[in-house]
Amino acid sequence: MEKPLTQNIRTDGEANDLKAYEKAGGYQALRKALKMAPQEITEVVKNSNLRGRGGAGFPTGPKWSFVPVGKDAPHPKYLVANADEMEPGTFKDRLLMECEPHQLIEGMIVVARAIEADVAYIFLRGEYTLAAERISRALAEAYDSRYLGKNILGSGSSVEMYLHLSAGRYMCGEETGLLNALEGKRANPRAKPPFPQISGLFGKPTIVQNVETLCNVPHIINHGAEWFKSLSRSKDAGTKIYGASGKVKRPGLWELPMGTTIREILEEHAGGMRDGLKFRGVLPGGASTDFLVEQHLDVLMDFTEVQKAGSRMGTGTMIVLDDHTCPVGMVLNLEHFFAQESCGWCTPCWSGLAWTERMLSAIEAGRGQPDDLEKLAFQTRFLAPGNTFCALAPGAVEPLQSALKYFREDFERHIREKRCPWRS
Amino acid sequence: MTLVYIEKRPIEVDGDRNLLDACLSLGLDLPYFCWHPALGSVGACRQCAIKLFRNEQDTQGRIVMACMTPVSKGMRISVVDPEARQFRAAVIEGLMTNHPHDCPVCDEGGECHLQDMTVMTGHDYRHFAFPKRTFRNQYLGPLINHEMNRCIQCYRCVRFYREYAGGHDLEAFGLRNIVYFGRKEDGVLENEFAGNLVEICPTGVFTDRTLKHHYTRKWDLEMAPSVCAHCALGCNTTAGERYGLLRRIVNRYNGELNGYFLCDRGRFGYEFVNSERRIRAPRLRRDGKSEPVSKVQAIERFGRLLSGNDKVIGIGSPRASLESNFALRALVGPERFYAGVPDATGRLIAAMLAILRAGPARSPSLKEIEHSDAVLVLGEDVTNVAPRMALSLRQSVRQQPLAEVAKLHFPLWQAHSVQEAMQDAKGPLFVATPYATRLDEIATETYRGAPEDVARLGFAVAHAVDAAAPAVPGLPAKAQAFAQSIAAALKSARKPLVISGAGCQSDAVIQAAANVARALCGGERVAGLSFTLPECNSFGLTSMASGGLGDAFQAVREGKADTVIVLENDLYRRAPAAAVEAFFSAARHVIVLDHLENPTTAIAELVLPAGTFAESDGTLVSSEGRAQRFFQVFANSGDIQESWRWLRDAMVAAGRREVNAWQTLDDVIATMAEALSVFARVPEAAPSSRFREAGAKIPRQPHRSSGRTAMLAHISVHEPKPPEDPDTPLAFSMEGYPDQPPAALIPFFWAPGWNSIQAVNKFQSEIAGALRGGDPGVRLVEPPQTRNGSYFRAVPAAFQPRAGQWLLVPIHHIFGSEELSLSAPAIAELAPKPYLAVHPEDAGELGIKIGEQVEVSVEGAACRLPVQFRADLPRGIVGLPAGLTPLEGTGLPAWSRISRVR
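Protein sequences, first through last, are from chains A and B. Mind the numbering: the first sequence is residues 1 to 424 in the numbering used here, read in order. Mind the numbering: the second sequence is residues 1 to 902 in the numbering used here, read in order.
Keep in mind the hints are simulated off the structure, nothing from the lab. Keep in mind that the hints are not guaranteed to be accurate.
[Said to hold, decoys possible] Keeping only pairs whose Cα atoms sit at most 20 Å apart, straight-line, the calculated SDA-like set for lysine to any residue is: (1) A:Lys192 x B:Ser72; (2) B:Lys407 x A:Ala73; (3) A:Lys192 x B:Lys184; (4) A:Lys192 x B:Arg85; (5) B:Lys184 x A:Gly184; (6) A:Lys375 x B:Arg85.
[Claimed, not checked] Going by beta-carbon spacing under 7 Å, a handful of chain A positions derived as facing chain B: (7) Pro62; (8) Pro194; (9) Ile198; (10) Phe202; (11) Gly203; (12) Arg263; (13) Thr325; (14) Pro348; (15) Gly352; (16) Ala354; (17) Gly386.
[Said to hold, decoys possible] Stretch-level coverage of chain B by chain A, calculated; a stretch enters the list once three of its residues show a Cβ under 8 Å from a Cβ in chain A: (18) 52 to 64; (19) 411 to 425.
Just so it is clear, CB atoms sit at the ideal spot from N, CA and C, and this is done for glycine as well.
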């Protein structure tokens, strides 16, 4: 089983430095890409069927093709690595950045060439201090070796790359909120269209791409689109870093073929539930995805299949709910987070999430009212996609709407017994 | 126009608009908060949700935000769709979760957009059962009250304040449902247009603090269309009164002029009308004592002073109406009527009007200024002299970048997308003034120089545009290069504009401005040339007076006159005190008509109480050359009446039969229009007093005026007959024509379901377009069709500092430099204390320190002032605040001497 993204990651938790990275074949993709025309790079990635790993699964190659290229294109153009990994339960990009920072940098340089970007930013979650340290070091090494800066390896191609530490807001993970934050403004989302490819950072064409997505690019360049597609067990190409947290035996991350089943990930790789606990449900792709339950365990973890099951693969990092944990408490915890992180821009989000959190909090504290479930259900419809300005609130109510479906009895017990049954 | 289907019915709408704008333009009721016609769409509040259907077969549809959805051909939408309605009600309920529902004690109550929209959505029952967030409110100065608990987070305040008005000290802090809109710390809001927050805010977060001192609900106000008297731009206002007190001013939309916004001087300067210094009864000086006399006695006395007296002269006023000035002119005769302004100012204004009349450049409206794409400001501190124009200029610098953004193919009403694409790009704006101005921060480049040097730069720009314009000998290379770059920017613009005015009191500056504008006119292009004038009727007065104050002084000095009638004018602000005193003591009789006590009324033999703009009707001609009618807001109390009426009464008393025909304002206007061809179109400025809609007058009071029958119940339970208004088609009543009157007569904006000022939507032919029937006002000056005239050729010599002398220039202040508003307490609070501004190096030469008192003497007058440093002043030039020092009457700029006070 091939694990292009993680195969060279050291077992001691240290990062590969430039030498080690190069020794394992690093920066060969860049050398190859420098000899390719920008459109050729985009074409290969398009053919590879690479889809964005940040959660939405937007096809990567087609996304780049909206960026104006050629001599009439506006400059500077920007590439931004979305490394603001703030989705609860998600820590896959952290591994890639802490242990293989050059893979990200190489991927970014290649993408920068594909879209003729002049400047690249790594927008890093502020708490990722270790990643920040290692990326900084890697950037310095890359500059020293002329992989970055003016006239990269004598190719005539240039790109400046900067590390930017986020001040820390979930909203910054939304690409347009990220761009505003990077401009030093409130991390409110922007209206689309215009898309960032046309008017992005500082009003210039910009591509924002998740870390894992970018890390895949050098391997696609090295081995080709067909190879990339062959890695997968499903229609969506490549490998995927899956993760599991919650009360499983071995929480962690695993790079597996795209389309591995939930059961395989949870039972074989995460070792199943801890002794004495039973599986009740799972948020397949981070906190902002719908619960899946027992009946869904054989669903293939890819963008298409998880969606068919009524959820989203999201970041592919699962949060597992067991039978000793209160589902209401868990959802309350999540909604508290989302309510906190609402940027305050659109009414349904700022008002609806705060209201939702308060109702859940009342239910969990034994002060729930019989019609609260109806009101909660209303909020989940009120905060549906399209009703809000960005995807934060629709994502935020996904675990709630599915919890109301799968764990309704637990909510009702709270209200009926005027207490949380999980608390003595 | 584009065909769309609304509720399955085909209808044509403007294809460049968004659906909210289109629906409102059609007169449909669709609630909104974050959208504003001047600010565009940002999609924040989600209130204007409607249903959009894919095709005729689609019955499900999806919810879209009308404000964020462009009109497209054949699209099918529904406003009344049940799901859309439910969603809109839920949005209201959501944004009300933190609203305190304190309408009964909220100043906004009764004219609150949030109330209106809540009723419109049908949300009436609260389900939210949890505590509301609370905030601490801030002190934001004497003009604006802050009550953050009412906030619904629509972001309109910061968008207007920062993005539209260029303010820096109002921000959105925090996030989620706890966003705080305020300053970093308590303090006076710095922006000159902060008062618009009162109208921009859809609820009671920002309210009029001056209104708070004498609060009245909108529905209890008696209101009339008015014109701002606090500068020459002629912004349209709505003034409201109750119980004889003028309560407040709000914006009166005029698509060509002020649009949706006023400046703070215009909005908050009104309180002079309620001043304790108001003259409310005639006063006669007998044996050195001034005593009140009855109206009859006063008129009789006035008549006697006139009859058989051929030595009467009249001093007109740039702050009095055309009609009052004309009545005085008729009384004394054209040759004996003098503009009550210094001769130099009068000549300067006359020169500006002559330039505008000769063409080829055209005086633009504020809307046209907003759409100019390259601007040169020559010698004017626009923000402090003609404030509302500065707001238009802040939009004009967006024009060129907007043209670039338009190439990205998304709708330009998408305000934040435009802003993100545009970033900090600004179109060309060049500011050449003697001292730094607020517009410098958005200027492409600035130039500091004495008036002569500003003029020389202007002449050089004109020469660079057209070599036929005179060259400027000996111009420093740097200024030459600057002139070249200004010329290049103006030349490549589609709608170039030159702004100048009386700010420098320099003929050379306005001639230079005229040359630049002339040079830019050619082919299809007509350059704009805007002269800011000093006062609200400077244009009108100058158009009818031949001489200035100096000529009047001379007439008395030479014994050609011995009786002086001063109309609404404090001559101590117009000439040195000694000269005024000599004038008055040489005259045997001085009759003064005015509304506020001032040094001139103190000296008069006969003082007559004149109505302010709120107690009289009349016409003002703006600096654009637009004649506009203002209407009496409330019936006069006591003996106060319009100046023209006092003058008419006096003429009648003196046996002047020709004025017996002057029964109403219309009669005065008709005589004036006939006598002076420049005013031929003034009668068209508004419908005459005989105008009726459906046989009825237009009511000044909203039909819901609740206290009407109770107001005087403690005196009599019988409702008194409303006062007559012979002069206008408006009635001092709530009874009359219930629907929309012609644009010039709109006493207040109200429509069923729209109690806030945003009811203006219903009065426009299309959103943000002209008022129905056309925006009010008639232009009295248009450049001739044929191009004639020639360049001014008198290029001045460069400024030479003088040893031991300092050129004293006026520094204008939005709060303080204008006479009337300075008598409004809130404005007075914001006015600077008198000072002398000195360049630090000049101060070093003089051996003076900051704060030290110096004596400034100029042409026999002197006063003591504390020194402030201003490094932006050119060397050799000092400045003092216009309108605020005893030296006001001295014609500035003038050479002064400065000495330390020991």
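Each hint, compared with the structure:
Restraint check: the Cα-Cα separation between lysine 192 of chain A and serine 72 of chain B comes to about 17 Å, which is no more than 20 Å; the hinted pair holds. Simply put, lysine 407 of chain B and alanine 73 of chain A have alpha-carbon atoms about 13 Å apart, close enough for the 20 Å limit, and the pair holds. This hinted pair does not check out: lysine 192 of chain A and lysine 184 of chain B have alpha carbons roughly 32 Å apart, beyond 20 Å. Distance check on the hinted pair: lysine 192 of chain A and arginine 85 of chain B sit about 25 Å apart at the alpha-carbon level, beyond 20 Å; violated.
Distance hint between lysine 184 of chain B and glycine 184 of chain A is fulfilled; the C-alpha atoms sit about 17 Å from each other, no more than 20 Å. A distance of roughly 18 Å separates the Cα atoms of lysine 375 of chain A and arginine 85 of chain B; the hinted pair therefore holds under the 20 Å criterion. Look at proline 62 of chain A: its Cβ only gets to about 19 Å from chain B, farther than 7 Å, so that hint breaks. The interface hint given for proline 194 of chain A holds, since its Cβ lies 5 Å from the closest Cβ of chain B, which is under the 7 Å cut-off.
Taking 7 Å as the C-beta cut-off, the interface hint given for isoleucine 198 of chain A holds, the closest approach to chain B being about 6 Å. Annotation: interface hint on phenylalanine 202 of chain A holds; nearest CB of chain B at approximately 6 Å, less than 7 Å. This hint holds: glycine 203 of chain A has a C-beta 4 Å from the nearest C-beta of chain B, less than the 7 Å allowed. At its closest, the beta carbon of arginine 263 of chain A sits 36 Å from a beta carbon of chain B; the interface hint therefore is violated under the 7 Å criterion.
For threonine 325 of chain A, the shortest C-beta to C-beta distance to chain B is roughly 26 Å, which exceeds 7 Å, and the interface hint is violated. Hint on proline 348 of chain A holds. Least Cβ distance to chain B is approximately 6 Å, under the 7 Å limit. For the restraint placing glycine 352 of chain A at the interface with chain B, the shortest Cβ-Cβ distance is roughly 6 Å, inside the 7 Å limit, so the hint holds. With a cut of 7 Å, the hint placing alanine 354 of chain A at the interface with chain B holds, because the nearest CB-to-CB distance is about 4 Å.
At a threshold of 7 Å, the smallest CB-CB gap from glycine 386 of chain A to chain B is about 6 Å, leaving the interface hint in force. Evaluation of the coverage hint for the stretch 52 to 64 of chain B: fulfilled, as 3 residues show C-beta separations to chain A shorter than 8 Å, against a requirement of three. Coverage of the stretch 411 to 425 of chain B by chain A holds [criterion: at least 3 residues with CB-CB distance below 8 Å; count 7].
In summary, the numbered hints that this structure violates are 3, 4, 7, 12, 13.
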